[in-house]
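**Q** Listed here are the chains, written in short residue letters.
Protein chains: 2
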Amino acid sequence: MKTFFDPASIAVIGATPRENSLGSQLLVNLSLGFTGSVYPVNPNYTEIRSLPCFPTAENIPGPVDLALVIVPAPSVPEALAACGRKGIRRVIIESAGFAETGPAGRALQERCLAVARKAGIRLWGPNCMGLVDIPRKFFFTFMHPNIHSDGLIAGRISMVVQSGMLSAGFLADLMSERAVGIAKACSIGNKMDIDECDVLEYLLEDEETDAIALYLESIVRGRRFLELADRARKPIVLLKGGKSRSGAKAALSHTSSLAGNARLQDSLLSLAGVTLARDFHQMMEVTRALAMIGHTPKRCRTAILTFSGGAGILSCDLVEQHGLSVADLSASTIKELANIFPDWMPAENPVDLFPAFAGKGALAAYVGAFNALVKDPKVDVLFMHFFVGLYPNYEKLKNFKAAADREGKVLIIWVIGRRDALRAFKREAQECGIPAHGELFRAVECLACASRCKPRKRTLSLAAAGRAKLPPKAAAVLSSCPEPIWDEYDSKRLLKICGIPTVKEKIVSSAAGAVEAAREIGFPVVLKGLAEGQVHKTESGLVRLGLSSSSEIRAAYADLAKKLKGKERILLQKQMPVEYELIAGVLRDEQFGPCVMFGLGGIFAELQKDVVFAPAPLSASTARELIGRISGKKLLQGFRGGKPLDMKIMADILVNLGNLAAACPDIGQIDVNPLVVYRGKPIAVDATVVRSEK
Amino acid sequence: MKTFFDPASIAVIGATPRENSLGSQLLVNLSLGFTGSVYPVNPNYTEIRSLPCFPTAENIPGPVDLALVIVPAPSVPEALAACGRKGIRRVIIESAGFAETGPAGRALQERCLAVARKAGIRLWGPNCMGLVDIPRKFFFTFMHPNIHSDGLIAGRISMVVQSGMLSAGFLADLMSERAVGIAKACSIGNKMDIDECDVLEYLLEDEETDAIALYLESIVRGRRFLELADRARKPIVLLKGGKSRSGAKAALSHTSSLAGNARLQDSLLSLAGVTLARDFHQMMEVTRALAMIGHTPKRCRTAILTFSGGAGILSCDLVEQHGLSVADLSASTIKELANIFPDWMPAENPVDLFPAFAGKGALAAYVGAFNALVKDPKVDVLFMHFFVGLYPNYEKLKNFKAAADREGKVLIIWVIGRRDALRAFKREAQECGIPAHGELFRAVECLACASRCKPRKRTLSLAAAGRAKLPPKAAAVLSSCPEPIWDEYDSKRLLKICGIPTVKEKIVSSAAGAVEAAREIGFPVVLKGLAEGQVHKTESGLVRLGLSSSSEIRAAYADLAKKLKGKERILLQKQMPVEYELIAGVLRDEQFGPCVMFGLGGIFAELQKDVVFAPAPLSASTARELIGRISGKKLLQGFRGGKPLDMKIMADILVNLGNLAAACPDIGQIDVNPLVVYRGKPIAVDATVVRSEK
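Taken in order, these protein sequences are the chains called A and B.
If you use numbering that gives the first Met the number 0, the first sequence corresponds to residues 0 to 693, in order.
If you use numbering that gives the first Met the number 0, the second sequence corresponds to residues 0 to 693, in order.
Hints were generated in silico from the structure; no laboratory data involved.
One or more of the hints may lead you astray.
Identical copies carry no separate label here, and so any pair may be met within one copy or between two of them.
[Claimed, not checked] 30 Å max Cα-Cα, derived DSS-like pairs, lysine-lysine:
1. Lys-297 x Lys-248
2. Lys-608 x Lys-297
3. Lys-136 x Lys-377
4. Lys-1 x Lys-495
Please build the complete structure, drawing on both the sequences and the hints.
**A** Structure (structure tokens):
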């Protein structure tokens, strides 16, 4: 990958001298900062912008590390072949007109890939804007040179985007309007060869990148992406496009991307430590804050330093709303603050400096209060508010930052003000590494992201996938049940062998046998007719609940037997008392592989899908973490005096399901629904195993 | 109120010639646009800024409509008295140092109010920044004149704020950085006389105001506020500060405000049609969008016109996520779009124009696509994306607006770009009345607010409060139960008389009596010991559930009797089958008066408070609207084949509770918990009536 980012020489295939053409803009952009050799290639010219121009790549005299291709799509395969013959091994295809345009384009894309594979070329693109490195002023892209004419702002966050605009127009907006600094911006387009995982892997090791923001319309190698995220020591922020029905449809035509299962992806990615974003600018502000702040102590005891009582109050509301805490100041801090304030003003957090401005002056009051707060051991974060463009009410920001670094405190800024002063202030904040936000909510949201973004220790057990083994008896059940969809009895037989607690039950073949089985198992019992493929037994009248006597059992048996006409099995089962219902299961995702699912069942599942996912297999500690990720986790702590969920049993169930999923690709899906909880013990009452489609 | 906003003459009490003093800034600000007479008042000067200066207000020769007071707090009562003697009937006190500073300041504030009442003066403030009228350039405020030196942008939204910054620095930020236009900004401070209701009432009739944004730390006359909101024909957007514990504490010291019960307030206000905001800028963007858009058709079938595939995809996601719909374009529109696009590009929504730029040019493509979409009968909203500062890719916005108005379509804009072009574009959008947002999420959020902001028909029955009557039998129960907290039997007696379905039950005084009552009522039954003030009966072992036989009843009765030692009543009650539990009730809020509460009970109440409130009394249709406002409303539709909730019975329960609350100030609180639902019928199983504190 390094050659893509740091080539010594570049061929521009499709260079032209025509003003405002893409081939010309590529050359102009290369002249901004790239100091290696540049070779225009175009059979119609011998010189472009004072550079000798070559008819094909093969005619270039010196060695070439990287080719940028901007010829029309149909000419790309031949251009690639020429690159291959020349020995160029890295090519960025910026031309459009490939898979995103339909079947013919898809075939063309396949042809390119075949040519590249044969020649040993790694391909970037097509249908992309290439890459930009702001600190070095490398613009390997056809974007309009005016985009950066308002000035570049170098920073330490890099972007990987599956959209041209986001690496071009959006960059202009970020740097010129918002004063956000950028390291590298990588536009990967249709990613026929190099994909988000390749670029992410590179950026995770890149010394100029502190955090990575990604806008993706698909995650093709989902499993690999999880691995990278899981071991990353830098924050990763992801905005996933195409989560909705219409968005997914649009993604398909934009970069030919299959958007995938949004709920599953969100759940897996956040388990792997990825921060999920909801909009472009919000993604960038979150990423910048994570890069600058790193992680904060979990409680984020926040002191608010403001010039406005109203902003102080709203900050308190937002801090608490995000689950962070408003710092309770030390007595010594309060004493120090009292010197700054007029007598009538109680010194407390939020520290509203406005009443102090009249006495000491705005600047002295601000600095005095800052100095008191920054050394308070009961403060983790200083949330600094500024209004700029009126009074000189702030010190050089680097002095604040130095003091905060000395004390190990986090700074975050909310700033409003007059336009030009605001921009100057934001640039200064960018330069000294303090995240400065224009909206209070955004600032607190970023802080909350930082508080959740722990320094990574690897939590997933993805590498263990190959080592998961089935108990020998499980293999026997698997081979004895060839049906595509198993009935609940067979399904639970398999679960039981794999160590998952299941309800007591027995197949019965006569009324007398049913009564005998009930006596063995204990009343009350349930009788179920196991019609094949009949997943909705209740709605079909094949379930008889609450049978408390022999006579009830006999009547129910007779009735079921009549209904089934002797064709199907009848199952007698202990009727379990229920405090609440959970669900668990296994599924196999095309991009993310085998996964384990956990969630609330019963009435809750009707109200809102509260389910989470982990890649299989998973360790007991990951299982515990997963369990704690459902929104309704309060329920599991026990309520109205009930027992809390037995976490050991529950985690074991998920671990066992994960092993089953990892060891047995034949299993496409398992639904354990419900997993009934009574007195804290979960037990599988109904389940369905579905075989993978061949 | 009109005199505050449009006086013919103004006295400035505390005017000074000292540069940068508040008294001087007031005079400078008055010179910006106010053309009436201005009279500085200060005994130490005879002339300030070429105006004759008077020792007291009484010495002013001509009539004076309004006085602005900026003398130190202790001198304010005398200044007011002088105003009274002069015949000035409107005074804005901008000085601080009153109730917000503690007991002494509170007493001083009371003194001012007494002086004003005696002299017939209406007071605005104290501790405020006064008011600003941008279109007329009226600045009745001491804020620094530099704040508006970047240029004023007049608009048609007005602000009422309980924070100085928000009417000063924030204005500068809004106009200079964000190009948001403002009509009036009213800073009401401690609102010792004129409060948010007075100003809101005025602005609702103000011809220069199309929508109103309020930042408030308290709503003192809550009931009145609801009335105003309920009959308002303009959008009202409210940001309430002090919702959290620490925020409420800070509000008390900022403007001496009691923040109140946040959940109750949010619920009542949104029922009255108020849009709730979460941050300052977000409030302003939402307000502007509501002012410009008015209300949109509920489905908001949205066509997305973009230059970026990625932004189009994310827009789809956000539109669906906010419950709006991505328009399904008409065949004729698709045909027309096909002419603009290259052959390979399917014309569909989102309309990604980037591939069309090369052919027709960016501007022609944009205009062509716009013209096709704006007349599509299957499109309600055009969500237009722009990148500015590069190509001339947009027409004069007023032409777009005129076309949209002709077709009755809504326009909303997302724009990014280079800094200066961006500002010019936003000003243009402001001028022709199209809301332009810098973030996609924000734009869609505003659209969603507009789709919910229906043209108001009054829904609340606040005026009916005086007419609510108790059934005669209810009065008898009330007088027979003097206890501060009633037991459940007495509580349900009252509810039953008021038409609320209650569980069958009977007080029993012997085991034999209990068995007899059970036979009458039907098995299974519950026995409860009604220990006085014993709200948590279950935890105290005073509830015996599921008694199915005479012998079980006898044993339970004996046990309870022993526990209670004959001191308390024993209640026998039919044990109701339960599908799910609701809660309902009554409470009396200091600011908002009697209210009715409704929500999910049981296990749901444990997971998350899902309760909503309406002011009492309420009509059956408001009760239905209220019921539909809980988050878990899906539950009420019936699940797993269950019956939906009987809305007539449920609405009647809430109406009856509301009448009870309105008619009977003696009742402080009623909790009906649980209100058990089985087969769609709700029935009160337990209830507590609490008398108002005297």
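**Q** Each hint should be assessed against the structure and marked as holding or not.
**A** Results of checking the hints against the structure:
no., hint, in the structure
1, Lys-297 x Lys-248, "between (39 Å within a copy, 24 Å between copies)"
2, Lys-608 x Lys-297, "both (28 Å within a copy, 25 Å between copies)"
3, Lys-136 x Lys-377, "neither (44 Å within a copy, 47 Å between copies)"
4, Lys-1 x Lys-495, "neither (51 Å within a copy, 79 Å between copies)"
In terms of the numbered hints stated before, the structure departs from hints 3, 4, listed from lowest to highest.
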